[in-house]
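Protein sequence lines correspond, in order, to chains A and B.
So the first sequence is numbered by numbering that gives the first Met the number 0: it starts at 0 and just counts up by one.
So the second sequence is numbered by numbering that gives the first Met the number 0: it starts at 0 and just counts up by one.
Hints are computed from structural coordinates only; laboratory data are not their basis.
Backbone N, C-alpha and C define an ideal beta-carbon position, used for all residues, glycine too.
Take these hints with a grain of salt, some might be off.
Estimated spans, in silico, between C-beta atoms of each pair [claimed, not checked]:
| id | chain 1 | residue 1 | chain 2 | residue 2 | range |
| --- | --- | --- | --- | --- | --- |
| 1 | A | Pro188 | B | Glu268 | 56 to 66 Å |
| 2 | B | Asp374 | A | Gly130 | 46 to 56 Å |
| 3 | A | Ala81 | B | Gly350 | 28 to 38 Å |
| 4 | A | Gln286 | B | Ala385 | 30 to 40 Å |
| 5 | A | Asp69 | B | Arg389 | 19 to 29 Å |
| 6 | B | Gly350 | A | Thr277 | 38 to 48 Å |
| 7 | B | Glu324 | A | Gly243 | 26 to 36 Å |
| 8 | B | Gly15 | A | Asp69 | 30 to 40 Å |
Chain residues, written in single-letter form:
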Amino acid sequence: MRVLVAMSGGVDSSVAAAVLLEQGHRVTGVTMKLWGGASDSGCCSVADVDDAARVAQQLGIAHHVANFSDAFDRDVVAPYVADHAAGLTPNPCVACNRHLKFDRLLRRAEQLGFDAVATGHYARIEPPSQGRSQWTLRRGADPAKDQSYVLHMLGQAELAHVLFPVGDLPKAEVRARAADLGLRTAGKPDSQDVCFISRTGGREAFLGARIPLRPGAVVDTAGRPVGTVPAVQLVTVGQRRGLGVAGGPATRNDRRYALGVDVETSVVTVGTLDDLMTSAVEVAGMQWCGATPGAAARVEVQASAHGRPVPATWDGASTLLVDEPIRRVAPGQSVVLYERDAVLGGGAAA
Amino acid sequence: MPLVDPPASDDGPRIGQVAYLDHAATTPVRPEALQAMLPWLQDRFGNPSGAHRVARDARAAVDGARDRVAALVGTEPSGVVFTSGGTESDNLAIGGVLRATPGAVVTGAAEHHAVLRAAEGFGSDVRHVPLDADGVVDLDRLEAVLDENVRVVSVMLVNNEIGTSQPIDRVAAIVRRRAPRALLHTDAVQAAPWLDLPVACAAADLISISAHKFGGPQGVGALAIRRGAELSPIVFGGGQERERRSGTHNVAGIAGMTAALAAVAEGREEEAARVAKLRERLADGLLAEIPESRETGARAGKVAGNCHIRFAGVEAEALLVLLDEGGVCASGGSACASGALEPSHVLLAMGLEPADATSSLRFSLGWTTTDADIDAALEVVPPAVAQLRRGGSR
Chain A
0 MRVLVAMSGG VDSSVAAAVL LEQGHRVTGV TMKLWGGASD SGCCSVADVD DAARVAQQLG
60 IAHHVANFSD AFDRDVVAPY VADHAAGLTP NPCVACNRHL KFDRLLRRAE QLGFDAVATG
120 HYARIEPPSQ GRSQWTLRRG ADPAKDQSYV LHMLGQAELA HVLFPVGDLP KAEVRARAAD
180 LGLRTAGKPD SQDVCFISRT GGREAFLGAR IPLRPGAVVD TAGRPVGTVP AVQLVTVGQR
240 RGLGVAGGPA TRNDRRYALG VDVETSVVTV GTLDDLMTSA VEVAGMQWCG ATPGAAARVE
300 VQASAHGRPV PATWDGASTL LVDEPIRRVA PGQSVVLYER DAVLGGGAAA
Chain B
0 MPLVDPPASD DGPRIGQVAY LDHAATTPVR PEALQAMLPW LQDRFGNPSG AHRVARDARA
60 AVDGARDRVA ALVGTEPSGV VFTSGGTESD NLAIGGVLRA TPGAVVTGAA EHHAVLRAAE
120 GFGSDVRHVP LDADGVVDLD RLEAVLDENV RVVSVMLVNN EIGTSQPIDR VAAIVRRRAP
180 RALLHTDAVQ AAPWLDLPVA CAAADLISIS AHKFGGPQGV GALAIRRGAE LSPIVFGGGQ
240 ERERRSGTHN VAGIAGMTAA LAAVAEGREE EAARVAKLRE RLADGLLAEI PESRETGARA
300 GKVAGNCHIR FAGVEAEALL VLLDEGGVCA SGGSACASGA LEPSHVLLAM GLEPADATSS
360 LRFSLGWTTT DADIDAALEV VPPAVAQLRR GGSR
C-alpha cells in the first residue's frame, strides 16, 4: 500500500513509519503544521518538525509539511474557546482527530493517491472478517497507553483507510524499537498537554487573551453563597480544588465539588461527593463506529481519557444508565461506549 | 529490515535526472565557478589577513575578485563587501545604514524576508509600499511615505517569487526628491542572470548579490556600496572588509562567485533569450493545458527565468507533493521556519485573496534548463492539477 504517515516528531509516529516500512509498504511522511502561535508543550513546533524530518531521513522516506493551521484555528481552537465561554469542558484532541487527522489529512492523502493514513496512536483496527461485516476499532494492546477513547469518532469510511502500526505494541517495545533503529526520537518524552497551550501561561492565560474571564459566585445547593472563583469559565464540573470555599478541616465529608457552572449568571454550584454522583449520563452528538446498538444495549462507558470503564445500559436515544452511580461528567467531555475492548461510538456529555 | 543512517550522500538526485525548475531557490554550480574554487579547496589556502606569502596569495585572490565583482556590478572596488550571502547583505544594508544614521526605513511590501525582517529588527519606524496588480511597487504610495526622516529605502530589482523587475531608476528619482537624506538599497539577488547589473542598478547606493542564485556556491555574497554611503558594521570581530564586515574571508566562495558572475555576464543576452523561449513554452503550455490557470504579473515585466502560475482551487502544498513524486522540482512561494507553506506575502501585497495566494506555483528556469525539463513539467503538471481537482484516485 501507499501510506501517508502523520509524523509529529515523537517516538510513536517515528516507529509507526518504521513498522510500515518493515511491512513492505511504500511510505511517505507528513508533519501537520497546526498551531502558529506560541507553545512549549505539544506538537508542531519547529523543533518537532525538524525531528520528524530527521527521522524520515534516517528511514530514507520522503517527508512533507502540510500547513493546516487555518483549519486548526477554525475547527479546534475557536470551538475550544467558544465552549469554555459557554461553560463547557471541551476536548480539543478529540476535535483535532475528528477534523484534522482523520478528515483534512485523510482527504489530502486520498487526493494525493495514498491508500491509507497512519498515525502513532495506541489503538487497533480490525478489518471485516467472517464473523463481522464491519471494521472494528479496538483498544490498544498497552492498557496504560490505550488511546481508543480519543478516536471514537472514526466511522467505517475512516477505519477502512487508517492504520495504527504501533497499536499492537506496548510502549516500552516502541521505545526499544526506536532505540534499536537508532531513531533520534527514541528517548523523547511523551507529549501530555494541549498542544496550543503553553506550560507557562496555561489555560487561564490562553483563554484570558481571547475571552473576558469573569469572576463568579460559588453557592451551595440551597443557593447560599459560600465563596468566589476568579474565572467562572475555567471551572469544570467535578472540580474540587480552587473553588474558594471556606471550610474547616478537609475531611472527606467536607469536600465540595463543582456540580454545575452557569456562565450566564456567573454562578458555580457546589455540593458534596454524594451530590456529584449520578446514575444517568446524557450524551449529545452520538456517532457510531459501526452498527447502531438498539435500545437497552448493555455497554461499558468511559468518560475520560484514562477513566475506568463502567457497565451501563444505553437507551437507544441519548441516555446512559450506569449500573453503579458515577461522578457527573462535565458537559462537553467525550463519553465513549465500548463492548469489551471494541469501541462502539461516542459523543459529548450534555 | 536493517535501517541505516541517512542515505549515503551520493544517492541523491542529479541534474538531468529530475526536471529542476527551482533556479530562483538555488542554481547548480557552474563549471567556471567550480574551477575557480578548486585551488582554494586543495593546495592553495590562506587567511587573507595574515602577514606571510600564503596569506598574501589568498589576499591577492580576494582583492582580484573584488575588482572583478565591482566591475560586474558597476561600483568601485573599495565599496565591495563580501558577505555570507543575500540575507547578510540585506541586513548589512539596512542595519548598517540605520545604525550609522538612525531614522526611518521604507521597503516594498513584497521584498524578500531578509529585507522585511531586517527592517523590523533594526528599525523602529518601518514603512511599507504596496504593489500594483502587476507586482510593481506603487510609485504614488512610495512618494506618500517618504520624508526627510527616511534614511534607507529598499526596493528589490527582481522579485524572487513572481520575477517582476522593479523600476529602480524611477524609484531613485522619487527618493532623491522626497527623501534627500535616504540611501537607496536594492536586493539584486535574483537579477544577475537576466539583467545588466551596472545599468539596472546604476541608481542604487547599495546593491545585494548572492552567488548561489547565478551559478556560484552557497554561502557567499556581496554588498556593493557606492562612494559616500555611510554604514556601521552589524557583525563585529577582526575588522575585515575595511571594518565593515568581520570574519575570515571565504576565499574559495569568493573566487567561485566571481567566476560565476563573470560567466553569466559574458553570455547573458543569448542565455536570457534561450531561457525565455523555454519559459514561453512552459507558461503557454501550462495555461493551454490547464483550465482556470492564470499567470501572475505581466510577462513583459518579468525576467526570462520566471514562470508563476495560479491554479484555481488547487492547494500548492499538495501539488508540490505530486510534482515531487513525478520528478519535477518547483516551489510554492514562501515557507516558514517549519517548512509549512504560507500564503505568499508577495501575492497578498498585490491584492490577491489568501486562497489564490496558496494555489500558485513558481517554476524558475536557469542555465541548466533544457527542453527535456519543460517536456517533463508539461507531462506531469496538468494531470497532477486534474487529480487534485477531482479530489483523488488516479
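Now the hints, each set against the structure:
Between Pro188(A) and Glu268(B) the beta carbon distance is about 59 Å. The supplied range of 56 to 66 Å therefore holds. The hinted window of 46 to 56 Å between Asp374(B) and Gly130(A) holds, with their beta carbons roughly 54 Å apart. Hint check: Ala81(A) to Gly350(B), Cβ distance near 32 Å, so the stated range 28 to 38 Å holds. Checked against the hint of 30 to 40 Å, the C-beta distance between Gln286(A) and Ala385(B) comes to roughly 34 Å, which is consistent with it.
A C-beta distance of roughly 23 Å is found between Asp69(A) and Arg389(B), which places it inside the suggested range of 19 to 29 Å. One distance hint, 38 to 48 Å for the beta-carbon pair Gly350(B) and Thr277(A), is violated here, with the actual separation near 57 Å. A hinted range of 26 to 36 Å is violated for the C-beta pair Glu324(B) and Gly243(A), which are about 59 Å apart. Hint check: Gly15(B) to Asp69(A), Cβ distance near 38 Å, so the stated range 30 to 40 Å holds.
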